[in-house]
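Peer 1: Here is what each chain is made of, one letter per residue.
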Amino acid sequence: MDNQNTVSAKSYIFVFIGLIILTLISTGLSTLNLGYLNPLIAIGLAVVSAGVVLNKFMNIKLDGSFARLLIAGILVLALLIFFVGFVG
Amino acid sequence: MSQSLSMTGNMSKSKEAGLSGVWLFIFIELLLFAGLFLLYGIYRYKNAVAFDLAATELSVTSGVLNTIIILSGSLVMAFTSIAIRKGNKMAALFWLLTALFIGFMFLTNRYFEWKGRVDFGLFPGSEELARLGHGDILFFGLYFFMTGLHALHLLAGFVVLIYVTAQVNNNTLNANNYSALEKAGAYWHLATLIWVLVFPLFYLL
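Chain order of the listed sequences is X and G.
This note's numbering puts the first residue of the first sequence at 1, with every later residue one more than the last.
This note's numbering puts the first residue of the second sequence at 1, with every later residue one more than the last.
Careful, some of the hints might be misleading.
[To be verified] Chain G stretches covered by chain X per the calculated footprint, using a threshold of three residues with CB under 8 Å from any CB of chain X:
1. 31-39
2. 127-139
3. 194-205
In short, the hints are calculated from the structure, not lab data.
No experiment lies behind these values; they were computed from the predicted model shown.
Don't be surprised by glycine CBs; every beta carbon is placed ideally from N, CA and C.
Working from the sequences, and respecting the hints, build out all of it.
Peer 2: Right, dumping it as C-alpha cells:
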C-alpha cells in the first residue's frame, strides 16, 4: 500500500534540479533592472519553490484541508509582503 | 472517534494521524516566520533606500551556494526515506550521515558569511551600523535574527537526525516502522522551505 506513494529517486533528482534552476533564474533576473517586476519575480519564484518543496519533498497532498490552509497562508503572506513592502 | 475526525480533517487515516502533529508544529513554525516576513515588509516600506543599499553588502554567491547546499540536503533526506522503505539499512545510514554533513556545510558557510559581515562592522550594536543609520540597523538586525533563527532550526534538525541515525543503526527504525524518519524528514524539509523563502528577501531584492 505504501508503494503507491513512494516516489522514485530519479524523480527526486528532477525536482532537485528544477529547484536549482528556479534559484538560478531568480538570481539572474534580480541582476537586471526591471523596476517593480524585480520583487514580483523574486517573491513569485520563491513561492513557487516553496510550493514545490511542500508538494514534492514534504509530500503534502494538495487536496488535504491542512495542506490547503498551509498553501493559502503562504500565498497570502507573499502578497502581503509584496504590497506592503514594495507597492505601498 | 468523530471528534478526532473533525479535529484532523482529511488527515484522519491512522497512518497519517501520527504525522498530523508534526504538520501542526510545522504550521506554527511557518506562522513564526510569517510574522518576521511581515516585519521585513513593513521595515522595507519605511526604509526602502537603506534596504536596497544594505542588501548589496551581502554576497549573492554565498546565498546561492547555501540554497544549493540546503536543497541537496532535502534531496539526500528523500533518498534516506526511499532507502528505509526498501529496508536498505546501510544506504539509509549513508544518506543520513550525508544529510548531517550537508547541514554542517550549510552552517559552515553561514559562519563565514556572518564573520565577513562582522569583520566589516555590520552587526547589531556596532558603531559602523550606528553611523550608517536607522534603515541599515533594521536590515542587519533582521538579517542576523532571521538567518540565525533558521540556523537554530538546522541545529535542532541536527539533533533530530542524530537521534534517527542512532535508531536506524540499532534497528528500531526499519522498513516496518519508519514514521519517526518521516517526521524527522518533514522537519528537515521545513528548514529548506524556510530558507527558500528567506533567501530572496535578503540577497535578491
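Peer 1: Now look at each hint and say whether the structure bears it out.
Peer 2: Tested hints:
Beta-carbon proximity to chain X at under 8 Å applies to 4 residues in the segment 31-39 of chain G; the threshold of 3 is reached and the given coverage holds. Figure legend: the segment 127-139 of chain G, annotated as covered by chain X; annotation inconsistent (0 residues with Cβ-Cβ distances under 8 Å, at least 3 required). Counting residues of the segment 194-205 of chain G whose CB lies closer than 8 Å to any CB of chain X gives 8, which reaches the minimum of 3, so the coverage claim holds.
Checked against the numbered hints listed earlier, the structure breaks hint 2 alone; every other hint is satisfied.
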